[in-house]
Structures are given as structure tokens and as C-alpha cells.
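Peer 1: Here's the letter readout for the chains.
There are 2 protein chains.
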Amino acid sequence: MTDSSWIAVDAMGGDEGLAVMLAGVAQAGRRFDGIRFLLVGDEAAIRAGLKAHASLSATSDVVHAPDVISGDDRPSQALRRAKTTSMGLAIDLVKQGRAAAAVSSGNTGALMAMAKLSLRTMPGIDRPALAGLMPTLGDNDTVVLDLGANTECDSRNLIQFAVMGAAYARTTLELASPRVALLNIGTEDMKGTGEIRDAAQALKEATHLPMSFVGFVEGDKLSRGHVDVIVCDGFSGNIALKTAEGTARFVADLLRRAFSSSARSKIGFLISRPATELLRHHLDPNNHNGAVFLGLNGLVVKSHGSANEAGVANAIAVAVKMVRDDLTRRIMDDLRHFEAHVPADEVA
Amino acid sequence: MTDSSWIAVDAMGGDEGLAVMLAGVAQAGRRFDGIRFLLVGDEAAIRAGLKAHASLSATSDVVHAPDVISGDDRPSQALRRAKTTSMGLAIDLVKQGRAAAAVSSGNTGALMAMAKLSLRTMPGIDRPALAGLMPTLGDNDTVVLDLGANTECDSRNLIQFAVMGAAYARTTLELASPRVALLNIGTEDMKGTGEIRDAAQALKEATHLPMSFVGFVEGDKLSRGHVDVIVCDGFSGNIALKTAEGTARFVADLLRRAFSSSARSKIGFLISRPATELLRHHLDPNNHNGAVFLGLNGLVVKSHGSANEAGVANAIAVAVKMVRDDLTRRIMDDLRHFEAHVPADEVA
Chain A
1 MTDSSWIAVD
11 AMGGDEGLAV
21 MLAGVAQAGR
31 RFDGIRFLLV
41 GDEAAIRAGL
51 KAHASLSATS
61 DVVHAPDVIS
71 GDDRPSQALR
81 RAKTTSMGLA
91 IDLVKQGRAA
101 AAVSSGNTGA
111 LMAMAKLSLR
121 TMPGIDRPAL
131 AGLMPTLGDN
141 DTVVLDLGAN
151 TECDSRNLIQ
161 FAVMGAAYAR
171 TTLELASPRV
181 ALLNIGTEDM
191 KGTGEIRDAA
201 QALKEATHLP
211 MSFVGFVEGD
221 KLSRGHVDVI
231 VCDGFSGNIA
241 LKTAEGTARF
251 VADLLRRAFS
261 SSARSKIGFL
271 ISRPATELLR
281 HHLDPNNHNG
291 AVFLGLNGLV
301 VKSHGSANEA
311 GVANAIAVAV
321 KMVRDDLTRR
331 IMDDLRHFEA
341 HVPADEVA
Chain B
1 MTDSSWIAVD
11 AMGGDEGLAV
21 MLAGVAQAGR
31 RFDGIRFLLV
41 GDEAAIRAGL
51 KAHASLSATS
61 DVVHAPDVIS
71 GDDRPSQALR
81 RAKTTSMGLA
91 IDLVKQGRAA
101 AAVSSGNTGA
111 LMAMAKLSLR
121 TMPGIDRPAL
131 AGLMPTLGDN
141 DTVVLDLGAN
151 TECDSRNLIQ
161 FAVMGAAYAR
171 TTLELASPRV
181 ALLNIGTEDM
191 KGTGEIRDAA
201 QALKEATHLP
211 MSFVGFVEGD
221 KLSRGHVDVI
231 VCDGFSGNIA
241 LKTAEGTARF
251 VADLLRRAFS
261 SSARSKIGFL
271 ISRPATELLR
281 HHLDPNNHNG
291 AVFLGLNGLV
301 VKSHGSANEA
311 GVANAIAVAV
321 KMVRDDLTRR
331 IMDDLRHFEA
341 HVPADEVA
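Quick note, the sequences are listed as chains A and B, same order. The numbers in this note's numbering rise by one with no breaks, and the one at position 301 of the first sequence is 301. The numbers in this note's numbering rise by one with no breaks, and the one at position 296 of the second sequence is 296.
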């Protein structure tokens, strides 16, 4: 067993509490052989919680952290407490090489600030990006980045996100040459901002990379499954992801309202319950949990604050996959290939 | 009857053809007393189509236009043909004062370019915005602007959109003091771009206007119905609106797939059909049709390219409501009030 099979888990982050985190980690542990966990947080509470998980106790160590980052902490406040909080120490374990990846369900802004300061960006990357998975009608989820790490982006950022997102899709979706698109408000060449058009031009010319640039995609095509990676600035990505989540919930609420509008439709609902359960399963964010900070010298996975046991296990599965596929090295290789073929001034 | 009861309709725009446009206009005509229509397009074709609509024939005139703007025409190409196309002539009728509003289901970019060049922006408005309605779980739709007329916006644009959107909500949603929010990637003061934060500051201080500024709203709350007006730049607005449309369709497709997955669920579906029909009705974009260009010296309504008869009638109803409530004057009044209270350098 090498060091790369250790995953650091911020056991205290997340809205659902320590018990759910530990249950999720235990579930992931049963899924993967040879993976061990550094559980970071209040040592006494973790040891007490571990009594319910014999197999996890055998495959984990506890790292004590006296403090916890709360949902209200600003990134600047969080940074000052990096060395005493479960989130900060989990990231630090990655920096020290004691863990191959860190997973946290805590405050996104704090996690990003800490990860960036501690792990620093890779050579060739100006800014890290947060990449997540969106459900689609196709066989695969679609990778979307940036989801909010960078409010504003220039063309160089967008190009780097495309290269990193493609490397991530090759790993997580197991695709040889992912289809990559830029999110835009139309598909014609002249649509969108100058940054987006410049990025499109450079990506069109990057034919030597293991990805296929397919141009622009609009918001109404996000869940069609026609592309594997959707690239955008963090503002648009956050708006798109949250609008999709909100609309799915909106339609589900309307459906519930419609089904309970008459005795007849209630009966119909009961009969077709297996069908609506299938829908619920497909739309459950826990089944797409685990957003990844790409472009850092180390792997950090953000789990949804409200993730349940299965959600936490899925976020850890994302971390394991990235570790096993050596995602950081893949991204570095692709970036080198990209930059070797495109003169720097063309993408500036 | 005054001139203000004439509505100019681009009879040739839209994907569904002249017959659907005429049927939609006829339906709107039956809904409103004292409204008359200038039907703009191929005169022979329109006169032939009118044979199926006796009452519309009696309340409309035909204005011949030899040419039509297609969906592929660029705004620059369209501008050169303003004086010969059904779209250009419909707008021109508003400029001449022969019609109080123009309605078109044609190419959005062309419509915006023509409307802007022909009608010009109101005093005090730097850029017009496209405002539309989104369905919500609440009692009212929510007004969202800008939906794509301005890819990038400064704080001054956003403030003007807020004032115009509130005036529009007072008219179309019949609210005395609409709740106005800025679309953002978080609700805390420090979130988003400098433009958004500056606009929020100015709107917070504008307590003398007939609207209530409630701060930031995130993408997942768009359809909750907690706010009446959502203000954003045209890029984010377009992404949000299309993502919401696409996600609603995605969930509906998943539902269809789930319901047809077994004989049992098919039976359940048939029994609960009235419920799913209710859902379909609520989500049908035709029931929220009619986006409005705000900030011009004249009223122009954009109907969805694929609008059906009911959709066209709804877009015309939007135009009628704006004309009757004298929306252009209302917006001008609110802008004057706003500017009288906020020094220009504070909103620059």
C-alpha cells in the first residue's frame, strides 16, 4: 500500500453532522479495497462515532482538530484558522503528502481559499476551477466548470478550464476524447463576450489534445448529454447549476401538487410510484455529489453541505478515482501539450 | 377610439407560419374590446388568410411588406432591410405613431437592432433591456431582465433595468410595490462582481420608488415566487432562462421515460393524466409568452419563435396591457424620480 491510498476527510464539515459523514466514509470504504482514511476533527467525538463502524475503525486514523469552519465564516476569517480547523488540517495533510486527496462538506468559499493558499496552483494555471457533474438524458453526466471559484474569467482562464475539464472527464467519465463546449448565449461565432470568442478560437486550433472542441452550447442544452464538458466563468456556471437544481425542484413540486389535486390522481401516483421513484433517484443531487477543485498541486473534493450517507460516499468515490487515475499529472501533461502548440501571445 | 388602440403585428415572423400568427391575433382580438391590428407582411397572403377570420378582418388593416427577416439574418443584415421587411415596417408604424406597440415572433437579434435604431432609447436610459416572465410556485410569474439584449452591463445599466423592470411588474403583474432582486451567486453583501455590488448599494438607497429592493437572489430561487423582478446582465439572464427551460424539459422527458418503463407505471400515468396535463399547462412556454423591450421610445414585444396560437395571443395581450397602462410614461416618471434622488456620480 502506498501513501496515495490515504484520503483525508473533514469529518466535522457539512450540515448533517459527524454521524452521517462517518457512515458515508464507511460506505465508501466498503466500495474500495486498499483505501484508508484520515478522519480529521474532534478526536473524542470521532472515536465515539467509530464504534458503530468496525471496518472503518480498522482502515482509518484520527487526526485531531480543535476547531470547525462554520457556514457563515468568510474566506478571510477561515484562512486565519487554517491550522486549527478540521477543514484546514485535512488540506494540510494533502500538502504534507500524508493524504492523496481531501474531502469536505463544509463552506465552499473557505475550502477554496484554504486549498488555494495551502496547495497553490499548478505550473501553467492562473486560477483553479471548481468542476461538478450535472445529470443528463445521455449515458453520462456532464462535467461543468467553473461553478463559482472565479467570478470573472479571461480567455486564458477559460482555455485552461477546458484542458483541465477534459482531463477530468477522461478520468471520471472514462472517455478517451471528451466533447468540450463553451457555455454561451447562442451558437453562432459572433455570440457572447470577447473572452469566450477568443477562447473558442484557441480551442478550435488545439486539435492535438485528447479532446474534441465542439463550439458553443446554450443553457437549454445543458442536460441533453450531447457534450461531456461545459466550460464557463464561475458566475455563469453557478447561475446555470443552481437554476437547473431549482427548476428540477420546481417541477417536482408542481408534480406533487398536481398529483395531490384529486383522489383520482393520487391513485394514479400510487400505482406509478416505481416510475416516480426512478425519477427521484435520477435527480437526487447525492447521486452526482463531489465537485473537484482542478488546477491545484493536490486533490480537493467539495461534497454538498446537505449530502447524506450515499452522497458522502459518492464524493469520496470521486476522490478515489482521481487519485487512482493520477489526475494531477494528467492535467499537467495536457497543459504542457497545449502550451507547446499554441504560442503564448495567442491565448493571452 | 384613439390611435393607442392599434397594435402592429409582424405577420410573417415566427416558425409556425402566417396561419398560426393570424389565428393568434384573432384570439387576442376576441379577448380585448377596442383593439385593432395592423397586419404587416405579404398582402395577398394575409388577405387570403383573413378569410378564415371574419371578426379579425373587420378590426384590422393590412400593411404590405415585400420582404421577411429570416432566423439566420444577422442584425447588421437586418438593419439594411428595415424599410422592406414585415418586422422593420411593424416597428416603423410605432415610430410614426400609427401603432401603439409592435409584436413579432421573428429573429430576436434583428428585432432588437431594428427597434433600437428606429425608436431610440428613452432619455436617461443607456441601453434597452429584454424583459420576460418566468413561471413560479407563487401566485405570480416573475419578471426577469435582461434576457440577452446586453451581453455585458455596468452598475448603471443594472440600476436602470431595476427601475424599468419594477415599472413593468406594476403594469403586467398589477403589483403596487414589486419586490426587486439582483441575480447573484450568493446572498452575502460581498458576493458577485463589483457592478452588481454597486448596483445593490444604489438600489438599497432608492427607498422613494414604488418598489422594494430585497437584495440578491440565487439561481435556485428563481422559480420560488419570493421576488417579482429579477435583474441581471443579458448573458446571465439568457443562461438562467434557457437553463430553466431546458431543465423543465429534461425533467418532463425523464418523467415520460419513467412512466413508460413498465405496464404498471403506464396505467398509473393514464389514471393521473389530468394531473400531468395540469403540469404541462403550467410549464408550457406559450402561457408565459411575450418578452418586452424596455427603455425604448415605443413598445415592442418579442413573441417566441415557436409560439402557437395561444402563445401569439398571449404576446399580444402583453402589448395591450402595456399600451393601456401607458408603460413608457410610467418608466420615464420612475427614472426621473430615481435620478432626482441619487446623484449621478453615485450610480456611474
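Any given hint could be a false lead.
If chains are identical, the list can't say which one is meant, so a pair holds when it fits in one copy or spans any two.
[As the list claims (entries may be wrong)] Derived SDA-like pairs: lysine to any residue, alpha-carbon spacing no greater than 25 Å straight-line:
{"id": "1", "residue 1": "K191", "residue 2": "T151"}
{"id": "2", "residue 1": "K266", "residue 2": "D284"}
{"id": "3", "residue 1": "K116", "residue 2": "S76"}
{"id": "4", "residue 1": "K266", "residue 2": "D253"}
{"id": "5", "residue 1": "K116", "residue 2": "H64"}
{"id": "6", "residue 1": "K116", "residue 2": "R30"}
{"id": "7", "residue 1": "K266", "residue 2": "E277"}
{"id": "8", "residue 1": "K83", "residue 2": "D72"}
{"id": "9", "residue 1": "K321", "residue 2": "E195"}
{"id": "10", "residue 1": "K266", "residue 2": "D139"}
{"id": "11", "residue 1": "K266", "residue 2": "L283"}
{"id": "12", "residue 1": "K266", "residue 2": "R280"}
{"id": "13", "residue 1": "K204", "residue 2": "R80"}
{"id": "14", "residue 1": "K116", "residue 2": "D67"}
{"id": "15", "residue 1": "K191", "residue 2": "R80"}
{"id": "16", "residue 1": "K266", "residue 2": "A252"}
{"id": "17", "residue 1": "K191", "residue 2": "D325"}
{"id": "18", "residue 1": "K95", "residue 2": "G194"}
{"id": "19", "residue 1": "K266", "residue 2": "H282"}
{"id": "20", "residue 1": "K95", "residue 2": "D253"}
{"id": "21", "residue 1": "K95", "residue 2": "A113"}
{"id": "22", "residue 1": "K191", "residue 2": "T121"}
By construction, these hints were calculated from the structure, which means they are not laboratory data.
Peer 1: Each hint: holds or not?
Peer 2: For each hint, the structure was consulted:
| no. | hint | result |
| --- | --- | --- |
| 1 | K191 / T151 | both (20 Å within a copy, 9 Å between copies) |
| 2 | K266 / D284 | both (23 Å within a copy, 23 Å between copies) |
| 3 | K116 / S76 | within (12 Å within a copy, 45 Å between copies) |
| 4 | K266 / D253 | both (15 Å within a copy, 21 Å between copies) |
| 5 | K116 / H64 | within (22 Å within a copy, 64 Å between copies) |
| 6 | K116 / R30 | neither (31 Å within a copy, 63 Å between copies) |
| 7 | K266 / E277 | both (15 Å within a copy, 14 Å between copies) |
| 8 | K83 / D72 | within (18 Å within a copy, 58 Å between copies) |
| 9 | K321 / E195 | neither (32 Å within a copy, 40 Å between copies) |
| 10 | K266 / D139 | between (32 Å within a copy, 23 Å between copies) |
| 11 | K266 / L283 | both (22 Å within a copy, 21 Å between copies) |
| 12 | K266 / R280 | both (17 Å within a copy, 17 Å between copies) |
| 13 | K204 / R80 | neither (43 Å within a copy, 32 Å between copies) |
| 14 | K116 / D67 | within (20 Å within a copy, 58 Å between copies) |
| 15 | K191 / R80 | between (43 Å within a copy, 20 Å between copies) |
| 16 | K266 / A252 | both (15 Å within a copy, 19 Å between copies) |
| 17 | K191 / D325 | neither (37 Å within a copy, 35 Å between copies) |
| 18 | K95 / G194 | neither (37 Å within a copy, 33 Å between copies) |
| 19 | K266 / H282 | both (22 Å within a copy, 19 Å between copies) |
| 20 | K95 / D253 | neither (44 Å within a copy, 45 Å between copies) |
| 21 | K95 / A113 | within (14 Å within a copy, 54 Å between copies) |
| 22 | K191 / T121 | between (31 Å within a copy, 23 Å between copies) |
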